[in-house]
Amino acid sequence: MTGTDTQSSFLGRISIRRNQVNAMDGSHEQEIEDLDLFQKQVSDRFAEILSAPDDTPFDAFLSISWIRKLLDVFLGCEAECKAILLMGRDAAQISKPPLDRLIPELLDRVVKALDICNAIANGLELVRHCQKLAEIAVLALEQKPFGEGQSKRAKKALVSLISAMHLDDKEGSAHKTTDRNWSFGRRGGNKDRPLFGHYKSLSWQVARNWSASKQIHAMTMNVVPPRGPEASGLPSLIFIMNLIMVFVMWVLIAAIPCQERNGLTTHLPIPKNVNWTHTLTGLLEKIGDEWKKKEKKGMAGLLFEMQKMEKLGQSLIDFTDSFQYPGEKDKVEEAAKQVAELAEVCQRMEEGLGPLQMLIREVFHRLVRSRTEILDVLDQGAKSSAPLV
Amino acid sequence: MGKSQNGENLGTETVSDGGDEQNNPDELSSEPGFKFDQILKDVDQFIETLDSGENNFTCIDQFLEMVDSEIAAYELRKASAKFGLNMEEFFEAVKLLWTIIRRLEELPSDSGATSCLNRAGSEHHRAMLLLENEFRTLLDINTDRNEGETKLKTVEEFPYFSPESVSIMNRIGSTMIFAGYEAECCIAYSGLRLKALDAELSKLSFENINVDDAERMSWESLEVEIGNWLHIMKHCTNNLFSEERTLCNSVFSEHPSIAQRLFCELSTSLTMRLLNFPNALVLPRQYSTEKLFKFLDIYEALRDLNNMEIGNYLSAKEFMSDTFTVQCRIGETAVSIFSQLENSIESDNAGRIPVAGGAVHPLTRYTMNYLKYACEYKDTLEQVFQKHNEMEGLTVQKVQENYIEKDDRFLPASPFALKLVEVMDLLDANIEMKSKLYRSPSLRYIFLMNNGRYILQKLKESTDIYDMLGHSWSRKRTSELRQYHKLYQRDTWSNVLQTISHEGVQVNGKVSKPILKERFKNFNALFEEILKTQSTWVVSDGQLKSELRVSISSVMIPAYRSFVGRFQSYFDNSKQAGKYIKYQPEDIEELIEQLFEGNTTSMIRRS
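Line order of the protein sequences matches chains A and B. Position 97, counted from 1, in the first sequence is what full-length UniProt numbering calls 97; the numbers after and before it change by one each time, with no gaps. Position 217, counted from 1, in the second sequence is what full-length UniProt numbering calls 217; the numbers after and before it change by one each time, with no gaps.
Same shape as in the complex, but just chain B:
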């Protein structure tokens, strides 16, 4: 008659015969020879009544025999599937064995317990060895699926352990720790988890790169590596670390401080591997400006890494210090790349040849678009520049220029905002310098308006830049543009207006025909000259273009209409009039519409 695990008689239970007894350790205890429960009872009682006098260690011997057989049976079982559903009993026996050992150790050495203790110690080590090996097998998920042998039931996601596996590992871990083998357990765990993490990184195409090699890489190759690294980092900060922590907590659920320590050590090791690459970006000096964004990406990935909570254990300090150092270095690189922008602007001489037609200069476009893109990383850049100032011991002077108006308040500008202002000032100076290459003052003003307007447009498109530069900066710009507009108008059109001024046409109270003829001649010449030239000029901003045309028209057309209206009757006949009055007011209106189109062939009506 067999007994079930809890000692009840079950009539239907089949009795294992002697030949099977080695194959089923879970039911070993139901063998008649062992009387499991009885043995446990005896042992418990024995421990209770243990004294330094005569002790009969027979029940201990029996217990040891039983444990020995159980261990032997488990050893024969297939690796990684040793412990089934009924493992609890075995673990309890192992724990009990340890308890016995501890109690026996307390006895004085002459109590005759020593040889029993020795045997118990041997059994204990054997049990621990069994547990350790099973622990290792369970942990060593072979991630190289090509090996063919799929041994454990696994799940698809990292860390690939089934809940049953984790549960068994948990029991093993607890038992080993309880029984004084914490060191072996932790070494096994750390070693195999590190191996698994390395394998996981391999799957993500992680490769160690030498500093030496990185130094020689072309930017194209480096960019690929950076992209790969960023991808891996993301996976780590989003998944790997948290999964690993969960695993630690699950396997060592009864020992949170051990879980914490192991996780801390593992994350530090993992981080050291990840930091090798950014550390290897030891940086040949001059990275051109577009490279900025990759470095900002790296900076952000490192910042995310740094923000991970990995606990307070000692190795965490190493983790944080190294992450922090490399993050700073990358930040410094970003600062120096951004500063390249200033160099580029200052040294852009355009070869002393002005842009045709006074159009928006490529440098203006480049700079504004660059800044717009850069401001997508605004928060990171703020941090980077803040840090840079701290490290250089720079402090922002509390002078008026360093305050930015925002929402009607004056706030101190951040280091990055000040940098932005610097760049804008440099750009301004450069545009100013380039404008002087134009000999025609009018073209100069058009050029200044074009570029100024473009800058303001871009500002409107990016609230970040706008906010950083502040309202007063934009206001100043806008009023400057208005000024240029006025100056242009005066420079180009005041002479023309003079030709159609009513004053000075009369001599001695009478309209002088020669003067009139002269006036019209001059008007035509000047106007045509302007048309010829200024049609080739470019104003790409639609609004600016129409503003200019409208303001010209609104002055020119009424003046012309009134002049023509007043004086055309003084010509002898329509033929003569037609000779001098080449244009009707409507013609003037149409022709003004041709201005600033950038046409290389001028379309002047010949009559």
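Chain A extracted, bound-state conformation:
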């Protein structure tokens, strides 16, 4: 995991300093110090993942590999934030105003993030489905000698692939029945008809009226930088954590197909005049622009591999459409290059999707655990007043 060493030494530093403090009310200066350190960590880590070297295109921005790094960074920041919040503090300290409002709000956002994790995990199934279709196309297109049979096979797979990529945006809710327009009722039925039917089987696993864009919108509410005397210290920490969490969830939704992303906001409450937020703002703009460009056309998410697959897929569909045995030499060569690229995308997906899925689950469980831990601490302070459910 990226930055594990820096993380563990960070945690070590904090715990040492905690032990040094005699007064249990945690001096304010120390809070500020911790916070500064944390801000720097966040800034550094995000800057690191923003600068992907050019010679490794598949670690490109919004690729599977890049997203995995982003999630690693998120987990690291989350752990540190929690450490600062909880280590050496008792319930009284974290339930005084304004924390008595800020912390429950944070935990609410965590719950919303959990739903997003579920939706994303679900969306990765679609990505895997696309991978399988692409692999068929590659298999067919790599055949030697290459004939019309293989061409038709590839085209069928690619058409399914493209339509799978576009279906999710138009139809959001689960359990819509398939229209069985692929049955061969007519004479001489169209052999190349794309098979819409089978994608619908990957129904969304979120509640019927859930909307990713609404969820993000809800999460951004009330995320405001703390002002005045509260501006340093724990309220700031919480603000940063909120920001990071919202940002990461937003990136995931933009990248990976999930239910109902229409109208996804491209504005997040990232303050512009603070130096450590430069990287976040930069990323936000970049992704936001891409989103706006593609949203109108309908698309399956900005995931680098999916975008590439779509582009290559369209091009290869054109190739197979016009292919007649034995085919024109230059077109065949051009196609071969694209097939090789497509094969590489598939390979990346094969290597990266599994670990990404596990990482999403890890984020889910980590958020649950942290939430429980924070609630536990709060509980100890408010034992008698908490109503029994």
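For the record, the hints were derived by calculation from the structure and aren't laboratory data. Remember, it's a predicted structure, so these values are computed and weren't measured experimentally. Cβ atoms here follow ideal geometry from the backbone N, Cα and C, with glycine treated the same way. Hints are supplied without guarantee of correctness; some may be wrong.
What the hints assert, rightly or not - Calculated lysine-lysine pairs in the BS3-like style (CA-CA distance at most 25 Å, straight line):
#1 B:K436 x B:K545
#2 B:K476 x B:K545
#3 A:K96 x A:K69
#4 B:K521 x A:K144
#5 B:K532 x B:K579
#6 B:K317 x A:K69
#7 A:K329 x A:K144
#8 A:K132 x B:K317
#9 A:K144 x A:K132
Stated by the list, open to error - Partial list, computed: chain A residues near chain B (C-beta under 10 Å):
#10 R68
#11 D108
#12 P145
#13 S151
#14 W210
#15 S213
Could you slot chain B onto chain A? The hints should help.
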């Protein structure tokens, strides 16, 4: 003259004329123009003698034409009923086509085979498309019966396929896999099975619930959802998974590793859907103690799920890891709910007002009944606490208190058993504390006896609790009760006994009448006082009540009888005697029977 499928001449067979030939592909091969068997023979021979020199591909062309017509005819047939009883021949032809292609591919590219290969490839894809579409149609049982069109013969039970359908799917699958279209076949299968499983879950009223929504739900709503979920889980672990596995094995009977992989993937997908709900129980903090049992039910359902064999394929790891994680979380919840019990006991102050009449305290009742019910889930609770200890890195110290005597042996106590002991100790301490609210020592002892006896009774009713606490625990309890009994007896009755003691009645060797009168007066007063008070006390356990009365009687009555017998003659006359000796021994016996009835109006005989 027509030929039957195996080439025999059957004089009675009707000859299909040209107009019908498109409608009956099964008998296509019996058309004179095709000479099916001959073509096959030629092809086989051709393949055998294939070399890189000049080859005459005519017989291949003929074969391709034949296959083309067959495919066309099948395409025209009604979907899902394309392949009838005589489909084998077609499948064999398709396989043969693939074999031809493979052989032709081996030839060098200048052998003139290439255009033949191209045609063959096209035919092949067309055949595969036909097969795939039929495969999909067969698989896509429309479970929404309201659509009106019932197309396939189905059976009533999940997965609703007739054996014939399965058999055809099997042939199609085998052929597609043989012919290089394994990927399409598997994608179709997985996709449609997942759709069917989702439909099946819908039928069971399965609905996805957001974590966000679950957080806000009232317990009443949540309880309903839990019940529903448990029902669905049961159906899945008992039926759905095994039916699905059987189907996979039937459809892909010739390819067990593919069957295994597909089943593994499907079960993992199904499980992910099922785990959404327990994962959404992200848990507001304080669940009250009664909620324990629902969570234990959930835990057990997850354990059953986890115990299912879904194979070793890669996705199984994901399945197991997630099931395991959520099972642990639910277990942790159960632990924390159970611990609520301890909190409840400790904080039960009864408002400093003791229970009237020294009766069994409601907390004692609640706790014992709760534990009795909890022990019906004993095995699960053992697991849950064991796991909890492991996760917290707690180890049970090997000290004497942590060993439980069972069947004359001392065994280390399980984490749950120790927890149970903790709860019982807390209860004891609480009862002890409450007993001190009584100013009367006798009432205190009655209270302690009542509660102690109730606890022991409940233990007897549940061998599980009894075993977990061990023999020595019960023995200790029982001897404590005996002790309280003795103390009670002494506190209440020793003074009374003193009044009817033979000693001290005589002065200078002569019975003193004043002392005698004083004695009787005192006896009456004390006895009546006791009656008045202790009749309002409550001993609900019948056996304890009679034990108490019997032990009082067995001491009091002989003592009284002997005193009265000895000294009543010293009164001047019966009138005087009657004034002091208010009670006869039989009266005492009767009155003792009124003790501990909980009567608020005392019934004291006035004479």
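These are the hints, each one checked on the structure:
no.	hint	verdict
1	B:K436 x B:K545	22 Å, holds
2	B:K476 x B:K545	21 Å, holds
3	A:K96 x A:K69	36 Å, violated
4	B:K521 x A:K144	124 Å, violated
5	B:K532 x B:K579	20 Å, holds
6	B:K317 x A:K69	23 Å, holds
7	A:K329 x A:K144	14 Å, holds
8	A:K132 x B:K317	20 Å, holds
9	A:K144 x A:K132	21 Å, holds
10	R68	16 Å, violated
11	D108	8 Å, holds
12	P145	6 Å, holds
13	S151	9 Å, holds
14	W210	6 Å, holds
15	S213	15 Å, violated
Checked against the numbered hints listed earlier, the structure breaks hints 3, 4, 10, 15; every other hint is satisfied.
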